[in-house]
Amino acid sequence: MSEKSQKSEVKDYSKTLFLPQTEFPMRAGLPQREPEILKRWYEIGLYEKLRESAKGRAKFVLHDGPPYANGNIHIGTALNKILKDLVTKSQQMLGFDSNYVPG
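So for the sequence shown, the working numbering puts the first residue at 1; every next one is plus one.
Below, in silico cross-link-like pairs of lysine-lysine (DSSO-like), each with a Cα-Cα straight-line distance of 30 Å or less:
#1 K81 - K49
#2 K59 - K84
#3 K81 - K55
#4 K89 - K49
#5 K81 - K39
#6 K89 - K59
#7 K55 - K89
#8 K49 - K39
#9 K39 - K89
#10 K84 - K49
#11 K59 - K49
#12 K55 - K84
#13 K55 - K39
#14 K39 - K59
#15 K84 - K39
#16 K81 - K59
If you're looking for bench data, these hints aren't it; they were derived computationally from the structure.
Put together the whole structure using the sequences plus the hints.
Right under this line is the structure:
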């Protein structure tokens with residue numbers, strides 16, 4: 001089969017899909033948008049609202065020690081902190097009063 005006949009057989013399926021029309025960009029561009037997002041969160045007092053809404057809930061406390069008391073800092077140190085942050089944030093979303101303060 002020739003290349004020309006193969007191209008004529010290629011179908012455009014984009015019209016057969018139900019894709020919503022949104023204002024969302026195709027690419028998020030997060031590194032460029034991060035300052036704008038952080039500014040907005042600061043303006044609306046997002047952190048304070050989260051802390052206020054958690055008052056009176058059962059507490060979840062993760063006792064965290066010094067970041068690298070047993071040697072030099074390494075990639076495992078970062079992973080450790082990231083995992084602890086993930087756990088405390090997930091506990092907050094599960095309904096606990098959880099506030100991660102790195103040690």
